[in-house]
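*Asks:* Respectively, the protein sequence lines represent chains A and B. Anchor point for the first sequence: position 208 equals 208 in the working numbering, and the numbering is continuous, going up by one each time. Anchor point for the second sequence: position 105 equals 105 in the working numbering, and the numbering is continuous, going up by one each time.
In silico BS3-like cross-links for lysine-lysine, where the CA-CA straight-line distance does not exceed 25 Å:
id : chain 1 : residue 1 : chain 2 : residue 2
1  : B       : K116      : A       : K244
2  : A       : K155      : B       : K14
3  : A       : K207      : B       : K29
4  : A       : K155      : B       : K29
5  : B       : K116      : A       : K12
6  : B       : K116      : A       : K207
7  : B       : K103      : B       : K14
8  : A       : K134      : A       : K173
9  : A       : K244      : A       : K135
10 : A       : K173      : A       : K135
11 : A       : K207      : A       : K244
12 : B       : K29       : A       : K181
13 : B       : K116      : A       : K241
14 : A       : K98       : B       : K131
15 : A       : K181      : A       : K241
16 : A       : K98       : B       : K14
Just so you know, these hints were derived from the structure itself, not from any lab. Only a predicted model underlies this, so the values are computations on that prediction, with no experimental measurement involved.
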Amino acid sequence: MRYRYFPGCTLKGQAKIMEETTMAAAEVLGIELQELADWQCCGAVFPLYEDELITLLSPVRTLAAADGEPLVSLCAACHNVLKRAQELMQRNEEARNKVTDFLEVDYSGEGRVLHFLEVLRDDLGFDRLAEMVKKPLTGRKLAAYYGCLLLRPAKIMQFDDPENPTIIEDFLKALGAEVVKTPYRTECCGAYLSVTEENVARDTVSKIIDSARRAGAEGLITACPLCHYNLENCAEENAGKPVKIFYFSELLAEALGLTVESGSAEEKTGEGSP
Amino acid sequence: MASITKSRMLEEMKLQSGQDPSCCYQCAKCSAACPVTAAMDLLPHQVIRYLQLGLEEELLESRTPWICASCFTCAARCPRDLDLARMMEGIRLAILRRREGNKFGPADLAPEQLSKLPQQALVSAFRKYNK
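Let the sequences and hints guide you as you build the complete structure.
*Replies:* This is how it looks when you write it as structure tokens:
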């Protein structure tokens, strides 16, 4: 199985561990992720006004560079921006003509745009994944934290049921973990408000962490570097027996029996401004 | 349907967001769904009401559009299929597109924030609060 791969800026910085663990796991699973040449940041948020064309240039350049082949990302935000930019290119002819003329590319919204979890579910299959697990996460009580960007807007993302998703729970079951459900799994963590309005992010994150603890979860699983940061850094209280925050790929690598030496634990990277 | 207002912002918003606030019947599901209402001075459904009434100045002064984190939960729950996140973006852009309309810039970051925050956080914050 071969895919073009868009890493995005954070996966080369603060969230390097997500890329490293995914790459190690993909190799074992027979999934080839071929990194796009000369990629640039997707812009992190999808422009919600139809005349904001400048912020579309970067994601559309990325989509065109995939050359019609399936394009995979790991970061939930990159995936959201790329998928929504693709939908806009399919739907809005005027925006498409302006953007592609400016970029001098030929693109009209073709190609599959996938998150790596979708590759595991739809192309590899969770049953097949379960067969390849070497060190099942038996007895580990883990909870999915979806956040916003993988799920919404559901009509465009078509990732899972936006109110009752199961993909991360099914993934965790395939790895042999004990799945715990928490009521705040699809609530927003506060996103970039941790930069500008930290108190607001503290409030949203604390509710998520508290609900996970009450449900008996020892870890929360995310696919978004910003969720990961907020959940780790903005909780009012996560002491005693803390709820740990994992990228889905860390558990994937672990269950496949892989030990990944990280070049950059999150604390170590200091130079990572975009 | 009578035109309630001649507000330029409102006309532009309808065009650029594809959303018509007059479709809203004020059920307030958006406000029930929103995870950050505690910090808002206008609740999400009130923002739409103000849009219906053309209270442009009040909206431009409100804290609410800057608290909205674009999580899209309001749009997911709206029985009228309105996307309030797009309308909030319209109010933000009405301010940001003015000269000196930026709400947040690199100088507002504390040095320890710069070293800790993931790139994604910085890029998205600057995209949302800065032009």
